[in-house]
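As they're listed, the protein sequences go chains G and C.
According to the working numbering, the residues represented by the first sequence are 1 to 214, in order.
According to the working numbering, the residues represented by the second sequence are 1001 to 1191, in order.
To be clear, the hints were calculated from the coordinates, so they are not data collected in a lab.
Remember, it's a predicted structure, so these values are computed and weren't measured experimentally.
Even glycine gets a Cβ: it sits at the ideal position worked out from N, Cα and C.
Any given hint could turn out to be false.
Here's a subset of chain C near chain G, in silico, CB distances under 8 Å, partners left out [unchecked claim]:
| # | residue |
| --- | --- |
| 1 | L1089 |
| 2 | D1092 |
| 3 | A1095 |
| 4 | V1097 |
| 5 | V1099 |
| 6 | T1124 |
| 7 | L1170 |
| 8 | A1172 |
| 9 | F1180 |
| 10 | R1181 |
| 11 | A1187 |
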Amino acid sequence: MDRRALSLLLVAVVALAGVVNATVFAYRWIQGTVNISGPGYATGAACTGFYSSADQSDIDLPSAGTNYNAPTYGTNTITVTHGDTVCQWTAGSTTYRLYESIEVTIPVTVGSWYIQDFYGFGYKGDASDPTVYVYFRVDQAVSGPLSEAYLRIWKGTDSVRLDLMSHGATTSAITLLPGEALRLDLSLDASSEGTATFKVGVYVTQESGEAPSP
Amino acid sequence: MITRARVAYTALTLAICVPLYVLNPWVYVLKPGYTYAVDVVSGRPVLAVGVECAGFVLPAALPQGVRVAPGEVLCRDVRGREVFESLRLYVDTTAGVWVYPTVAYLYVSTSRAIYLEVVVEKPTRYVNLTAVLRDTRGRDTLLAVSLGEYGRYRVPVSVGSSTYAITLHLEARRPARDTFRVGIYLATPSS
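So that you can see chain C by itself, here it is in the shape it has in the complex:
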């Protein structure tokens, strides 16, 4: 029997649970290593995303005018360097065209074929900025991401460890202060 009191209680429970549900993925996905999901039928954990180690590695020396504040350390790459979950990047310069070679490396080590989705979440408004991802093994350009507009770029990553150098191409015509944010999503190909 549904009483007035019970209805009110149920609604309250939902209101508390919903924010939990929204927050939960953020806490969960930032963990390094394997990500497991519970198989609904057997109740046993199954491997969902086999990203053993993925994140940003700092170069030995940064280009002039670039400062980087890394976030949490997640793991270490094959060469023993720290792999960071996030980067805060600061570029100080004057008007003109600038190329900043290798401001950071993107490192992905995986036991399964996955894809990388680069999403421009907050584009720049005043400066023209392009991030170029280049494979450090073959020097091939993997991706050129225009950071001046919202966008979504998807590229496959093969099994093993890959290191991509991130180069910034900057073009600014007049004094300005600008910000951008890029999200990198790693996922197994959807079936």
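So that you can see chain G by itself, here it is in the shape it has in the complex:
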């Protein structure tokens, strides 16, 4: 066998191996780049979050969350711990913050209770910022000794009610313009002693009509 024949054979064998190998998979790919900016850069739907105008006095948003530390009975009070800051801005020498989440503890006794304006949910922005649409959804239904529980969400004098006993229940879209806010009330009926917990997700979008999918 001369040199040329040997090299041709080698190429043929390798090429065949290549073809056979290649037929196993068709390949597609996605390459992604994610850029996360700090809360000082948040605008539009990103600059929405929980706040209490009683906790952060002079905040440039409507009065809401005035009872965030109100007493319920005896020496017991409502306590609110908040999650990360998702939007912040400075006015004068004060930095104001909107929080991503809140965890609220409300000590009550057996019976019916109405907790008014325990926290607010606002949208900070300029007139040029887009309208946002807010959906409240029960991500985790009430577990514990409650026979009835509703979250009432107020915008001005209008309100919608969310049944916290029903997992997945979602409000219709609540429209917020920059500078507007919602007040949150809770109505509950405790049948016996114990601790009740639930989780409500707040979904904010700049695109109308797109409810959060399950």
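Once you've looked at the hints, dock chain C against the given chain G.
Leaving out everything else, chain C in the frame of chain G:
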């Protein structure tokens, strides 16, 4: 008879052929349509992978903060939309939890039952990211892929055309810049 010269020549040939062999599958698999292999016995081409058309389709409107640069056009889906071989996805946002519904569709049209293998080839390091594939017909979740760790997910795809919406769930605690890469392999079930 093996001379010194011939040995050297053979080694050189191999060195050239090996890179060819490595590169060849890449060139080959990116072609749309049927993929054929040569039957060793008869010498005739046989159908190896019956993926007539598979790739990414862009939605009519992208969510706020998402930008997409598609790659090569491979074919068209049943609705006449362009099907792309690859996607470069850019997400600009602020810290928090975000859901980006339908950043793209994965479209697969096949004449044979195949399976889809989703491989996280380069996971994110700073942000928590999950890609959810949902069947646009039944709205059922097909697969949730955590893009924060290396992983391999295999799901069967039935005969016909299927469209899966890709939704991203993003959770970022602090400012960061991150990248990820996901490979999607389409293959006939191994016997």
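Each hint tested on the structure:
no., hint, verdict
1, L1089, "holds, 4 Å"
2, D1092, "holds, 5 Å"
3, A1095, "holds, 6 Å"
4, V1097, "holds, 7 Å"
5, V1099, "holds, 7 Å"
6, T1124, "holds, 7 Å"
7, L1170, "holds, 7 Å"
8, A1172, "holds, 4 Å"
9, F1180, "holds, 5 Å"
10, R1181, "holds, 5 Å"
11, A1187, "holds, 5 Å"
Checked against the numbered hints above, the structure violates none of them.
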